[in-house]
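Protein chains in written order, with our numbering: chain A, 1 to 347; chain B, 1001 to 1572; chain C, 2001 to 2271.
Just so you know, the hints here were simulated from the structure itself, not pulled from any lab data.
Please note: incorrect hints may appear among the correct ones.
[What the hints assert, rightly or not] Below, in silico cross-link-like pairs of lysine-lysine (BS3-like), each with a Cα-Cα straight-line distance of 27 Å or less:
1. K306/A <-> K194/A
2. K2269/C <-> K1232/B
3. K1064/B <-> K1031/B
4. K1031/B <-> K1244/B
5. K1440/B <-> K2269/C
6. K2207/C <-> K45/A
7. K1027/B <-> K1064/B
8. K1031/B <-> K2269/C
9. K2207/C <-> K306/A
10. K1470/B <-> K1244/B
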Amino acid sequence: MSDEHAAQAGPGQEVAPVAHAENPLAPGLPPHRPRRADVDPRAAKRAERQVALLFTLSALCTIGFIVGYVEIPNSEVLNLPLMGAVSASNFTLGVTLGLAIFLIGAGAIHWAKKLMPDVEGVDERHELRSSDETREAVYAQVAEGIADSGFGQRKLIRRTLLGAMALLPLSALVLLRDLGPLPGTELRTTLWAKGVRIVQDPSLQPIRPEDVVFGGLVSGLPATLMAVEDSAGTLNARAKSPVILIRLRPEEIVAEQGKNWDYEGILCYSKICTHVGCPTALYEHQTHHLLCPCHQSTFDLADAGKVVFGPAARAMPQLAITVDADGYLVAQHDFTQPIGPSFWERG
Amino acid sequence: MSTIERAGQGTGNYLDDRIGVNRWLKKNLGKIFPDHWSFMLGEIALYSFIVLLLTGTYLSLFFKPSMTEIVYNGSYVNLQGIRMSEAYASTLGISFDVRGGLLMRQVHHWAALLFVAAMTVHLCRVFFTGAFRKPRELNWLMGVGLLTLGIFEGFAGYSLPDDLLSGTGLRIAEGIVQAIPIVGTYLAFFIFGGPFPGSDFIPRLYIVHVLLIPGAILGLITAHLMLVWFQKHTQFPGPGRTEKNVVGYPLMPVYMAKAGGFFFVVFGVCVLLGAAVTINPVWLFGPYTPTQITAGSQPDWYIGWLDGALRLMPNWEINAFGHTLSLNVFIPSVVIPGICFTLLGLYPFLEQWITGDRREHHLLDRPRNAAVRTAAGAMAITFYLVLWIGGGNDVIATHFALSINTVIWTLRVLLLVLPPIVFVITKRFCLSLQRRDRDKLLHGIETGTILRMPSGEFLELHAPVSESEKVLLMAGDRYEPLELDTTPDDNGVSPRVSSVDRIRAKLSQAYFADQFRLSPEELAAAEEHHAHAALDAGQGGETAGAVAAVTGDGEAAALTAAAQAGSSPDQA
Amino acid sequence: MRTSSVTRPSRATQARRHPWAFVVLIGLALVMVGGLYTVLGSASAAQADATNPDTIQQGHALFLEGCSSCHGLNAQGVNGRGPSLIGVGAADVDFQVGTGRMPAATYNVPQVERRTVQYSQAEIDAMAAYVASLAPGPSVPSFSDLDLTGANLQAGGELFRTNCAQCHNFAGEGGALTLGKYAPSLTGSTPRHIWEAMLVGPQSMPKFPNTTITPLQKRDIIFYLTTVRAQPNPGGLSLGRVGPVSEGLFLWVVGLGVVIAVAVWIGAKSS
C-alpha cells in the first residue's frame, strides 16, 4: 500500500502521475512540553482544587434544583433584568439543572487538560482489507456453498424462490390500502350550496349586505358548518369552506369569475390560497389586493382574483352570492372549481 | 488490593468468563483519538441526540397524541374555555401544569435545533477536509441519511402540538404532497387518512416521531460510530502524522474525560437555553384551525431553505389534457431537495471518478489544496444560504424597512448569479493561498530584516520554513489532470474515446489544471539548487559571506548570492 | 392672612355682603367650572368640543396651516398627495395625528410611518372636530367604549387570531405587506388608537365597523391585546415574539457558538 503510484484508470486513458503524501523527510512528533501541573506540585494541587470546586458547585446546583422543584409553584413570576418577567419555576429549575450538568462537564475537561497525561500517543493503523488469500478462500467458500445448495443448477428452485420472495412484499403494500379513503370528488366540493347562508367567523351571525362596507373585510363560514363539524368531529369541512367578503364600487370591478356573482359590488372569495393552502386574509383595501403570508402570493380581487405576484399559479376561486328572502347573504351554488392547492387530476 | 479494585476485577472476570470482554478491552482501552476541535462537531450531534432521547421520553409520559376536540380548562387563562385538540391541550398542560414540563419542552426543542445544526457543520468539516474519501464513503452516505432523517424528525416533532404555526406547516406539507404528479392526491389521502386535516395525522406522526425515525437514527448512528471506531478517525497532516498512524490521546483516561465531559457540556448548554430563552411559545399561537393564520409563518430553521425555495419559485403550472402539473410547488419542495441530497450523497463517488484515485486516505486535506472541491462546497453553501434567507423574507422586509417584493426579486437573481461568483472567488482564493504556500517553501518566510549591500541594493532576508511547517505545507496529494490517450496505434488509428471518458477528462482538467502545489520532486530540486548556491556563496563573494556571518544561514546567503547573480532561485 | 385696612362698609351693605362673600363666590365659580370640565371634558372632550364653533374654527386654522398642502384647502384631497378627508370622521384624525403618522413627512413612501406626535391632544381634538364637521364619520371612542370591565379575554383571543393575527402576527408584533407596506407592531398602541384603527381602517388596514366587529368584540380584542403584551414570557427571553426565524438565528450564533467555543477549549494545548 505504500508506493501505489498507479491509480487505476479506464481504457484509452493515461495513468495520472500522482505525488504521494508520504514524505520520507517528515519529522517525528514535536517534543512534549510539560505543563505547570506536570512540574509544580502546587500547581497540580491548585488544578485539583479547581476541578473539585466545579464538581462541588454542580452538586450544590442539583440540590438547588430539588429545592426549587418542591418550593416554587408553576404560577410564580420572576422579574429579571434584561429578560423581563419569566416563569420563576422554569428559570430556576433550568439554571440549576443546566449548571449542575454543565459543571460536571467543565470539571472533567479541566481535569483532563490540566492533570491527565498529555503525552501524545501513536497507534499504528492496521490494514483494513483482508489478505488476498483470505479473499480467495472466502470466495471459494461461497462458491462451494452455492454449489452445495444447488441454487445455481436447480433452476426450478431458484425461480420459484425468487418469485415467492418477490411477491411477498406485495402483501405489505396491500395492507396499507386502508390508511385512507380514495380522493374521489372530495377535493372538488365544499359545504357551499345554493341558499347556504354566509355567517361571520367566529360569531356565526348571518350577514346583511349593508354590514359589508367599502374597505371592510368580513371573514365568513357556511351556516351549515357547525352541524357538520359536530357530527364529523373533524375540521375537514372547515378547511375548505372559509371565505372573505369585500365590497367594491361597480367601476372598480374589472372582472369577475362569473356574471352576476357579486351582490351590489360585494364580492365573495375563498380564503384558502391556491398555492399550498394557507388561509389568505391580508386584505389591502386601498389596492384591493389579497396577500398570503406564507409565500407572498398576491391576488387582485377586483380582477377576478387573478395572481399578480408570487408562486400561486391560479386565481383565488370566487363564490357566487346573492341575498335570500330574509335579506341575508347566501351562496348561489358551490364553487365551480376546486379550492386550495392544485393536484394532478384537477383538469 | 483495595475493595474497589477487588470489586472491579471481580466484575471484569465475571463478564470475561461469559463474553470474553477483556480481550476487547485490552485492544481498545488505550485506543488513540486525535484531538482537534473540529473533530468534535459530530460529537455535538451525538450528544444532542441523547438529550433528545432523554427529554423526549419525559415528554411522551405527558403528551396525548390525539386530535379529539375538547374544551380547555387548564391553568393558562388566555385559552380557558376554548375548543382545541387533546394534543394541544396536553402541550399546554406540560407547559403550565407539570413542574419542569416547560423546561423539558424547551430543552427538547433547543436540542433539536442544535442536533441538525451540529450535523450540518460536521458535514461541512468532513466535506472541506476530504474525509469522505476511501475508506469512508459508506460513512458519508450514512451521515447524509442521518441529516435527512433529522430534518424529517424535527418537522414531525414540532408539528405534534397541533398549534396554529405548526398546523399551518402541516397544511403546506399536505399541499406539497397533493401537488405530486399522478399519485399526489392518493398519497395525501393515505397519509392523512382522508382530507386535510382529518383525525389520524397527529397519532400517526407521533409514532413516526417517537419510534420509527428514532429507531432508524439510532441504527445509523451505531453503524456510523462503529465505522469510525474500526477505521480510526482521520487526522490533520503535521509532524509525526502519517497515513499509517493515528496521533492523539488514549481512550482511557483522557478521551473518556474529554468526550464524556463534552457530553455534559452540550447537555448543560441545552438545559441553560431551555431555562433562559423562550422557544416555540405555542400558547401564544393558539390551537390550529384551518381558518386562522399568523403573519411571519415560518418553519424551524432547517426547513427554512425549502420554504424559501417555495417563496422564490415563479408561478409555473402546466395545464394540459385534463391534468395539472404544479411546477411551482413540485420543483422547490420535491425536485430541488431531491437533487441536492442526491448530489450530496454521490459526491465522494463523483470525485473519485474524476481523480481516478483509489487509495485510502487517512490524512485530511487542507481545503486550499483542493481548490475546486472547496469552491464547489462554497457555491453549494451560497445556494443554500440564499434560499434560507428567502424563507425569512417577510421578517427581513419588516425589520429592514424593505419592500418584500424587491427582496424576493433580488433573492431570485442572487440565487442564480451569486453561486457561480462565489465559486470563482473561492477557487481563486484557494489558488492564491496555494501560491503563498509555494512561495514559502521556495523562498522562505520574510523576516523583515533588510540587508543593505555595499552597492546600495536593499535585500530582505528570508528564513526557511521549519521542518514541521514544511510537512504541513507539503501535505496532501498533488494530482495531475487525466489526459485522454489519443495517440494513434501502429496502423494510424486513434483509439475510440467514449463521451463519458471525455467528460471525465474535462472535469479532471477543471479540477486540477490550475494549481500551484509543489511536488516533492520540485521541492527537492529547489532545495538542491539552494544547497549548491550556498556552496558557491561560501567560496566567493564577500557580501554573501557577510550575510552568512550575520545570519549564520547558508540558505539566506545562497539567496543573496543568487539575487546578486541576477537569477531567481526557482528558475531551476 | 392679614386683613387690609379697608374702610368698613356701611351697615346696609354689610348686611347684604359678607366679607368673605367675594372669596366664596370665586371659589364656587371655580368649583363649578372645574366640575363641569371634569365631568364633560375628560370623557368626551372631542365630542364636547366638536360642537363648539370655536373649537371647529381653531381646528380649521390648524388644518389650513398643517394639512391643507396635501389634503387641499377644503380637505377635498390633492391628487397624488393626500386623500379627501370628507367623511373620514373624528376617529381617523384622532388616530392619524395622535399616533404621529400625520402630518406626513413625505407622501412618496409606500406607507406613512409613526413619528413623534406633533400636536397636543387639545389641538388634535380641534382638528378632529373640524373634519367631523365637514361630513358625518366615525367618532372617537367614548369612555364607556373603552371600559374593559367585563371584557372576555378568551373571546378576544379568538377574534384577534381570526381578524388581526394574519397581518399583525400572533402577539401583535407586526408583519409585512406588499411593496414596502407593513402592519405595524401593536405593542405600544393605546386602547383608544386600537379602537379607532379597527373602526377606520387606516392606510392598508381594512375597516371593521361595528357591524363586523361589535363594540363588545372590540373591547374583547383590546383586552386580549393589552393583556398579552403585558404578560410574562414564561420560557425566558422572548426574542421578539417573531417565531422560528429569531430562534434559529439565536441557536446558530449563541448556542452553537458556545458549544464550539468549548470544543476549541478542549482541543487547545494547556499550559
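Task: Pairwise hint evaluation, K1031/B against K1064/B, where the allowed Cα distance is 27 Å at most - done: Cα-Cα ~46 Å, so violated.
Open item on the list: Next pair to validate is K1031/B with K2269/C; report whether the Cα-Cα distance is within 27 Å.
Closed with: Holds, at about 20 Å.
Task: 27 Å Cα cutoff - pair K2269/C, K1232/B - done: holds (22 Å)
Task: Restraint status (C-alpha distance of K306/A to K194/A at most 27 Å) - done: Holds, because 25 Å separates the two Cα atoms, which is no more than 27 Å.
Open item on the list: Would the hint linking K2207/C and K45/A be met if the CA-CA limit is 27 Å?
Closed with: At roughly 75 Å apart (the allowed maximum being 27 Å), K45/A and K2207/C break the hint.
Open item on the list: Checking one constraint from the list: CA of K2207/C to CA of K306/A, max 27 Å. Satisfied?
Closed with: holds (23 Å)
TODO: For the pair supplied as a hint, K1440/B and K2269/C, confirm whether the alpha-carbon distance does not exceed 27 Å.
DONE: Since the Cα atoms of K1440/B and K2269/C sit roughly 26 Å apart, the hinted pair holds (cutoff 27 Å).
Task: Restraint check for K1031/B with K1244/B, where alpha carbons must lie at most 27 Å apart - done: holds (15 Å)
TODO: Verify the proposed pairing of K1470/B with K1244/B, using a straight-line Cα cut of 27 Å.
DONE: Given that 27 Å is the threshold and the Cα spacing comes to 19 Å, the pair holds.
TODO: Would you mind confirming whether the straight-line C-alpha gap from K1027/B to K1064/B stays at or under 27 Å?
DONE: violated (47 Å)
Violation of the numbered hints given earlier is confined to hints 3, 6, 7; the remaining hints are satisfied by the structure.
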